[in-house]
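Trainee: These are the residues of each chain, in order.
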Amino acid sequence: MMNATLDLKSDFPILAREIHGRPLAYLDNAATTQKPLCVIERVSNFYRTRNSNIHRGVHSLSEESSTLYEDARETVRAFIGAGDMREIVFTAGTTDAINLLARALGDCTTGGDAPFGDETRYSSDAQIGEGDEILVTGMEHHSNLLPWQDLCRRRGAVLRVLPLERNGTLHMEDISRRITSRTRLVAVTHVSNVTGIVNPVEELVRHAHDRGALVLVDGAQAVAHMPVDVASLDCDFYVFSGHKMFAENGIGVLYGKAARLEELPPARVGGGMVTSVTLESRREADLPLRFEAGTPNYPAAVSLAEAIRYLQRIGMQRIREHENTLHEYMREQLVKVGGLTVYGSAPEHSGSVAFNLDGIQPYDAGMIMDRMGVAVRTGTHCAEPLMRHFDINGCIRASLALYNDTDDIDRLAEAVRKAQSMLG
Amino acid sequence: MTIAEIQDQIIEEMSAHEDWFDRYEALITLGREFGAPDDSLRRDEYRISGCQSAVWLTAEMRDGRLRLRADSDSQITRGMLALLLRVFDDQPPGKVADAELYFLDAIGLRSNLSPSRANGLGTIVRAIRETARRHTG
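First to last, the protein sequences are chains A and B.
So the first sequence is numbered by my numbering: it starts at 1 and just counts up by one.
So the second sequence is numbered by my numbering: it starts at 1 and just counts up by one.
Simulated from the structure, these hints should not be mistaken for laboratory data.
Treat the hints with care, as some may be off.
[As the list claims (entries may be wrong)] The following residues of chain A were derived to be distant from chain B, with all beta-carbon distances above 10 Å:
no.: 1; residue: 358
no.: 2; residue: 361
no.: 3; residue: 371
[What the hints assert, rightly or not] Footprint (simulated), chain A over chain B, 3 or more residues, beta carbon under 8 Å:
no.: 4; stretch: 23–32
no.: 5; stretch: 51–64
no.: 6; stretch: 72–80
In this text, a Cβ means the ideal position worked out from N, Cα and C, and glycines have one as well.
Extracted from the complex, chain A is given alone in its bound form (with noise of 0.2 Å):
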């Protein structure tokens, strides 16, 4: 057995519960952490003593309430290296965050249709439009695929897609062919939630901005995992959710250079995204707020703050190494195990490994593995695309995170041999 480098079950409560009467191994990160006892108890906390609408009173537990929601907003940033706090919009999650994003970037009301706000600010040369073109590939995730297959049917612009080789990796030989003078927009996952394949996200930027594009990359599987530096990748937009990474749901970002998200109007309108209002007029907040209408959920805000510095507290990289050891004796307990596949070979890995076991249906492999007390996903995992690339109906997907240790993929194996010797 290898010797995992981490040992973080302890700060997890919930790791301790039994499942079936048995210990809990849980696999399935890649939809949702687990929350250590500090973001627990930061929330319990925030409630208890601070608790106050942000940004809008002057009375103590306001200020202070909207001094934390800033101090996250700062923290978010410094975690992925943003130049500035003005870079980082809070959502709901990556699906907001990417919903945002396709609203701003394809319905801008400039001209003499616009009665309301002040449209003058922003460029109609950043909306897309007629004819231009948006590339996404094969293994976007559900989430990375429907806005902007709704942005395009809504401005007629053309929805394509850069393939993936059979083992899962992104096409990128003829990249330079694939992104062409049209392309205004790249919109590629930094890790795919399926098969833990990490694209190279640096080359397909270089590639997308030597054309004049611009990308999104979706961090949801990537900013829990490794170290995660929006500079140096140069991307225009990264997005990604609290929940994935020890945080409290209903909370997410929307990184955006600041150059970029100045030019894009608001998705959405409401309270506390302007500086005035006039019964035939409003004069907007300036960034980030002109992006969050509506009373934030400044909450999950403070407790993804406190995830961020438990994150920092152990250091990404040695979770970087730490998950790859443990990813690569996944890999190699299940090829031991044989008589299933494993979807998906790139040189670089990370969280999630997809599987069948030969003849059996994923849905019932994940049943018995259930009663073995081993959480894992079965499914199409909100990549039906993918799913069809591999020609496979579904499969079950084993996902990591920090506190996994060889003991969960111990159980992992155990359960795959029961589901075996019972549905083969």
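Once you have looked at the hints, place chain B on chain A.
Mentor: Chain B only, in chain A's frame:
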């Protein structure tokens, strides 16, 4: 036999299997014995949506009784279908629509009925009952 009598019979049979694994082994065996995959049934028009595994269901009336056919690509689901059809097939539709269904609970499959459960046993039961309702009155 009535729907209740069949349910009681199933409960008695399944109670021989003490732990969960035995019960599931039994379900899987039932699934295997449920018959060869039926291509005339495995068609999109018969597919019940909302189940993670593919489930197909058809019904027709014969001599005033509801005749059901079903299939799934999941062995465990086939096992459950075998039990459900044993209970509901060849019964008057009115009885199928209204019968109290208690055997799933009694044999420890209750958690599979919850709406959040992706396997959709609850969805299958609802589909059978709706079909029955269409054939009543």
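Trainee: Determine for every hint whether it applies to the structure shown.
Mentor: Status of the hints after comparison with the structure:
1. 358: Its Cβ never comes within 10 Å of chain B, the nearest being 14 Å, so this holds.
2. 361: Given a closest Cβ separation of 4 Å, the condition is violated.
3. 371: Violated, because the least Cβ-Cβ distance between residue 371(A) and chain B comes to about 6 Å, which does not exceed 10 Å.
4. 23–32: holds (count 3)
5. 51–64: holds (count 3)
6. 72–80: With 5 residues closer than 8 Å to chain A, the stretch 72–80 of chain B meets the three-residue bar; holds.
Violated hints, in rising order: 2, 3; the structure is consistent with all others.
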